[in-house]
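Taken in sequence, the protein lines are chains A and B. Mapping the first sequence onto the working numbering, position 4 (from 1) lands on 556, and the numbers just tick up by one. Mapping the second sequence onto the working numbering, position 3 (from 1) lands on 21, and the numbers just tick up by one.
Just so you know, these hints were derived from the structure itself, not from any lab. Ideal placement from N, C-alpha and C gives every residue a C-beta, glycine not left out. Wrong hints could be hidden among the right ones.
[What the hints assert, rightly or not] Covered by chain B, per the in silico footprint, the following chain A stretches (three or more residues, Cβ under 8 angstroms):
(1) 563 to 571
(2) 596 to 606
[Claimed, not checked] Simulated pairs of lysine to aspartate or glutamate, DMTMM-like, Cα-Cα distance not exceeding 20 angstroms:
(3) A:621 / B:199
(4) A:603 / B:125
(5) B:172 / B:199
(6) B:122 / A:627
(7) B:90 / A:555
(8) B:90 / A:561
(9) A:621 / B:72
(10) B:128 / A:579
(11) B:90 / B:23
[Unchecked claim] Chain B residues, not near chain A, derived (Cβ > 10 angstroms throughout):
(12) 125
(13) 128
(14) 188
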Amino acid sequence: MADYRELVDFIVRRLVTDPDKVQVTAENDDRGVISIMIRVAPEDVGRVIGKRGATINAIRLLAKAGAVKENERVDVDIREEE
Amino acid sequence: MNDNEVLVLDVPAVEEARKTAAVQWGLDPRDVDVKVIEEEKSFFGLLGRKLRVEVRPVAPLVLLRGRNILEKLLLLMDLSVTPEITEEGRLNLSGQDAGIIIGKYGETLKSMEFIVNLIARDVDEGEKIYLDSDGYRQRRELSLQRLALAAARKAVRKGKPTYLEPMTSWERRIVHMTLKENSEVETRSVGETPSRKVVVWPLRSGPSSRRR
Numbered sequence: 553m554a555d556y557r558e559l560v561d562f563i564v565r566r567l568v569t570d571p572d573k574v575q576v577t578a579e580n581d582d583r584g585v586i587s588i589m590i591r592v593a594p595e596d597v598g599r600v601i602g603k604r605g606a607t608i609n610a611i612r613l614l615a616k617a618g619a620v621k622e623n624e625r626v627d628v629d630i631r632e633e634e
Numbered sequence: 019m020n021d022n023e024v025l026v027l028d029v030p031a032v033e034e035a036r037k038t039a040a041v042q043w044g045l046d047p048r049d050v051d052v053k054v055i056e057e058e059k060s061f062f063g064l065l066g067r068k069l070r071v072e073v074r075p076v077a078p079l080v081l082l083r084g085r086n087i088l089e090k091l092l093l094l095m096d097l098s099v100t101p102e103i104t105e106e107g108r109l110n111l112s113g114q115d116a117g118i119i120i121g122k123y124g125e126t127l128k129s130m131e132f133i134v135n136l137i138a139r140d141v142d143e144g145e146k147i148y149l150d151s152d153g154y155r156q157r158r159e160l161s162l163q164r165l166a167l168a169a170a171r172k173a174v175r176k177g178k179p180t181y182l183e184p185m186t187s188w189e190r191r192i193v194h195m196t197l198k199e200n201s202e203v204e205t206r207s208v209g210e211t212p213s214r215k216v217v218v219w220p221l222r223s224g225p226s227s228r229r230r
């Protein structure tokens, strides 16, 4: 089985300037969707989202590709303010 | 290969040189070749022999790093696909889950390529890494050529510009190249990545008469 949380964590840690502030959590919501939430230092948020969302969208697509075989539903989001 | 991709080290054993170089380049020990260039009979007595070795990466650094990152990503995605460095300097993804890694219209492969480039080229400005999956690029190239020709026919027939779907720079280039010699149309890219797309203009009512 794919490990969505580890996958997102692995990518995000290599994109940010402050890997110590990276926190990635996984939760099953009531509709059966595995929801991955990314938290990073405020100055790294833009880096993870990317130009016009290109980076976060690419991360999302990779997580979804990992979910194809198990027929699971997974979504990835980033907490933008804290 | 670049000169700065050679390390000369003095070590007691080959394995140590392998590890040291791998750490320095951000690679695995398997990714480097070690050649002994000098063996010094010990003047240090108990310390035994000392070797002078040359260490080189077995392929361009950026490709080795890219391959290692891909292996890790594919493992976490639980996909049976193996990345390999090709003779053309690409990374080919091969295996029973290749279809999943290509995705609809190649969008998963594009995402993979995007992420790998972001990570692997972070440190040094190496050349861009291109991914392929068992001939996918060639198949895509053929279908883009057909798409380009169909768009040109439509633009001419309707006397109106035809807009294609958003594409990567590599895909847009194929469309431009396909229609370069076509005297009935002109092609341009409009918009910004990732929604940048090609417009095919019929030349009679084309941009020359409409240009601002």
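Tested hints:
no. : hint          : result
1   : 563 to 571    : holds (count 3)
2   : 596 to 606    : holds (count 3)
3   : A:621 / B:199 : violated (44 angstroms)
4   : A:603 / B:125 : holds (17 angstroms)
5   : B:172 / B:199 : holds (17 angstroms)
6   : B:122 / A:627 : holds (18 angstroms)
7   : B:90 / A:555  : holds (11 angstroms)
8   : B:90 / A:561  : holds (12 angstroms)
9   : A:621 / B:72  : violated (45 angstroms)
10  : B:128 / A:579 : violated (27 angstroms)
11  : B:90 / B:23   : violated (24 angstroms)
12  : 125           : violated (6 angstroms)
13  : 128           : violated (8 angstroms)
14  : 188           : holds (15 angstroms)
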